[in-house]
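Mind docking chain B on chain A? Use the hints.
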Amino acid sequence: MKNVIHMILTLSIISALAAAALAIGNRATKDAIAAQAKLKAARAVLKIYPNCKKPEEKQIKTPSGETITAYICPGNRVGFTFSSKSAKGIPRPYSGLIKMMIGIDKSGTVNGVQIIEQSETPGLGAKIAEPSFVNQFVGITLEKGNLKVKKDDPSGMIDGISGATISSRAVTSMVKKALEFYKTSLISQIGPPKKLSSEKKEIIKVPGKIKKDIRNIIKQNKRKRKQRYPVPDSAKDQMIKEGVR
Amino acid sequence: MRAFKEFSKGFWRENPSLVLLLGMCPTLAVTTSAFNGLGMGLATTAVLIGSNIIISLIAGFIPKKVRIPAYIVVIATLVTLVDMFMAAYSPDLHSALGLFIPLIVVNCIILGRAEAFASRNNVIYSFLDGIGMGIGFAVTLFIVGSVREVLGNGTLTVFQYKETIIQYVIYHKEAVSPALVFILAPGAFITLGFLLALKNYIDNLLKAK
Chain A
70 MKNVIHMILT
80 LSIISALAAA
90 ALAIGNRATK
100 DAIAAQAKLK
110 AARAVLKIYP
120 NCKKPEEKQI
130 KTPSGETITA
140 YICPGNRVGF
150 TFSSKSAKGI
160 PRPYSGLIKM
170 MIGIDKSGTV
180 NGVQIIEQSE
190 TPGLGAKIAE
200 PSFVNQFVGI
210 TLEKGNLKVK
220 KDDPSGMIDG
230 ISGATISSRA
240 VTSMVKKALE
250 FYKTSLISQI
260 GPPKKLSSEK
270 KEIIKVPGKI
280 KKDIRNIIKQ
290 NKRKRKQRYP
300 VPDSAKDQMI
310 KEGVR
Chain B
573 MRAFKEFSKG
583 FWRENPSLVL
593 LLGMCPTLAV
603 TTSAFNGLGM
613 GLATTAVLIG
623 SNIIISLIAG
633 FIPKKVRIPA
643 YIVVIATLVT
653 LVDMFMAAYS
663 PDLHSALGLF
673 IPLIVVNCII
683 LGRAEAFASR
693 NNVIYSFLDG
703 IGMGIGFAVT
713 LFIVGSVREV
723 LGNGTLTVFQ
733 YKETIIQYVI
743 YHKEAVSPAL
753 VFILAPGAFI
763 TLGFLLALKN
773 YIDNLLKAK
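So the sequence lines, in the order shown, correspond to chains A and B. For what it's worth, this note's numbering labels the leading residue of the first sequence as 70, then goes sequentially. For what it's worth, this note's numbering labels the leading residue of the second sequence as 573, then goes sequentially.
Bound conformation, chain A alone:
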């Protein structure tokens, strides 16, 4: 009896200490992890739209009811995160969840796809994050072409990754559902396109005197270059023959 109590007590103490350590660890890292996730999403948008440094953020709802952030970029292009659980009918990935950032412009064309989160098999399914796979989706629309993996449908447009058909199929289906979601719901959720204030062009006015100086410096440099590399007479004759002036 004494033994049993001893065992229970030891295990309880160890578990309690472990729980405390985890609670402290979680509290210490929670904010930083959330910030990193946001930074990751913003970086993915920047990869798809390199000029979109300050996107307008808007909370939207996916078909499955989760709230996600849409990043609205100039030119009425939208980047938003979409996961394998954001819509019904997406086949399950090989393991866990796949989360991607997809950029779609107002004509409903995919501008880019970036995989943000995945836990597919390293070396096989994890290749869905590589450019050679995701770049296949650039330029795709719902109407044009058959958005399917070639292995499932010979007329499909997407080359699956060998050894990772399940992962390739999941991403392809996610892109399709994201396009449908964009058309049916997202456009109405983000509202009419804002008129962009025309970008100000900065014109630097150069005073006349400085202009003159610059011209003189250029002229001098040209002269110097000629002196440094004098053209031999024989070459000059050749140039005249060939009509070079």
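Since the hints were derived computationally from the structure, they do not count as laboratory data. Misleading hints may appear alongside valid ones.
Calculated cross-link-like contacts (lysine to aspartate or glutamate; reagent style DMTMM-like; alpha-carbon spacing at most 20 Å) [what the hints assert, rightly or not]:
| no. | chain 1 | residue 1 | chain 2 | residue 2 |
| --- | --- | --- | --- | --- |
| 1 | A | 252 | A | 212 |
| 2 | A | 123 | A | 199 |
| 3 | B | 745 | A | 282 |
| 4 | A | 107 | B | 655 |
| 5 | A | 109 | B | 664 |
| 6 | A | 109 | B | 655 |
| 7 | B | 637 | B | 687 |
| 8 | A | 246 | A | 174 |
| 9 | B | 577 | B | 746 |
| 10 | A | 99 | B | 664 |
| 11 | B | 745 | A | 199 |
| 12 | A | 246 | A | 135 |
| 13 | A | 213 | A | 174 |
| 14 | A | 116 | B | 655 |
| 15 | A | 245 | A | 222 |
| 16 | A | 107 | B | 664 |
| 17 | A | 99 | B | 655 |
| 18 | A | 157 | A | 186 |
Derived coverage of chain B by chain A (criterion: at least 3 residues anywhere in the stretch with Cβ under 8 Å from a Cβ of chain A; other residues may be distant) [what the hints assert, rightly or not]:
| no. | region |
| --- | --- |
| 19 | 634-642 |
| 20 | 645-659 |
| 21 | 748-757 |
Glycine included, every Cβ here is placed at the ideal spot set by N, Cα and C.
Chain B only, in chain A's frame:
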């Protein structure tokens, strides 16, 4: 010279993957590229050192009958903490290794060393045992990963962090089509089998001398 013996035994004489045959799950599953193998090996080393130290300290207080659950709680806590801090402060490393970290909890090497070594030895020897075993494991995984990647994909990825990738193209896929089977599961068994045979062959040669 016992300290050196405890440190170096993991390299060859008691190599965790090739002699103890522990931790087969990561050895077979993760080694699809050289860097994946190395990453898994290094993450395991870090946890192994930590768990060896903690367990050698608390082993005296734990009743024998509940030692395994106690060790597992300690290891799982350690792994989760490493995972959380890595995600918070080194997200690039986390995205490279993140996949392997939860796998470490079920890695037999860690529990095996806790049970067979750390619970019976003092902190310093346990620490050295953790480093030695970890390096032995990492190097073996790196070799298995290199063989599989070269034969199965034609490349050798030595390093991968942030945008930096050091990858050597051994041969071009267009010229010689790689043996995909080596990236898939059977290739892991084949590679490991041949490595085990090679290790035993070298041992026999040394013995004959």
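Each hint tested on the structure:
1. Restraint check for residue 252 (chain A) and residue 212 (chain A): satisfied, since their Cα atoms lie roughly 12 Å apart, inside the 20 Å limit.
2. The straight-line distance between the Cα atoms of residue 123 (chain A) and residue 199 (chain A) is roughly 26 Å, outside the 20 Å bound, and the hint therefore fails.
3. A threshold of 20 Å between alpha carbons decides the hint, and for residue 745 (chain B) with residue 282 (chain A) the separation of about 59 Å lies outside it, so the pair is violated.
4. Our distance criterion of 20 Å between C-alpha atoms is met by residue 107 (chain A) and residue 655 (chain B), whose separation comes to about 18 Å.
5. Between residue 109 (chain A) and residue 664 (chain B) the CA atoms are separated by roughly 10 Å; this keeps the pair inside 20 Å, and the hint holds.
6. Distance check on the hinted pair: residue 109 (chain A) and residue 655 (chain B) sit about 17 Å apart at the alpha-carbon level, within 20 Å; holds.
7. Proximity of residue 637 (chain B) to residue 687 (chain B) is assessed by CA-CA distance (about 12 Å); at most 20 Å being required, the pair is judged to hold.
8. Restraint check for residue 246 (chain A) and residue 174 (chain A): satisfied, since their Cα atoms lie roughly 15 Å apart, inside the 20 Å limit.
9. About 48 Å separates the Cα atoms of residue 577 (chain B) and residue 746 (chain B), which puts this hinted pair outside 20 Å; it is violated.
10. Simply put, residue 99 (chain A) and residue 664 (chain B) have alpha-carbon atoms about 17 Å apart, close enough for the 20 Å limit, and the pair holds.
11. In summary, the hint linking residue 745 (chain B) to residue 199 (chain A) is supported, as the alpha carbons are separated by about 17 Å, within the 20 Å threshold.
12. Distance check on the hinted pair: residue 246 (chain A) and residue 135 (chain A) sit about 15 Å apart at the alpha-carbon level, within 20 Å; holds.
13. For a cut-off of 20 Å, the pair hint linking residue 213 (chain A) to residue 174 (chain A) stands: about 15 Å separates their Cα positions.
14. With a C-alpha separation of about 26 Å, the suggested pair residue 116 (chain A) and residue 655 (chain B) falls outside the 20 Å cut-off, and the hint is violated.
15. At most 20 Å may separate the alpha-carbon atoms for a hinted pair to count; residue 245 (chain A) and residue 222 (chain A) meet this at roughly 15 Å.
16. Taking the CA atoms of residue 107 (chain A) and residue 664 (chain B), the gap is near 14 Å; set against the 20 Å cutoff, the hint holds.
17. Distance check on the hinted pair: residue 99 (chain A) and residue 655 (chain B) sit about 12 Å apart at the alpha-carbon level, within 20 Å; holds.
18. As the CA atoms of residue 157 (chain A) and residue 186 (chain A) are separated by approximately 19 Å, the hinted pair is consistent with the 20 Å bound.
19. Coverage of the region 634-642 of chain B by chain A holds [criterion: at least 3 residues with CB-CB distance below 8 Å; count 6].
20. Given a C-beta distance limit of less than 8 Å, the hint that chain A covers the region 645-659 of chain B holds, as 9 residues qualify and 3 suffice.
21. Counting residues of the region 748-757 of chain B whose C-beta sits closer than 8 Å to any C-beta of chain A gives 3, which meets the bar of three, so the coverage hint holds.
Violated hints, listed in ascending order, are 2, 3, 9, 14; each of the other numbered hints is respected by the structure.
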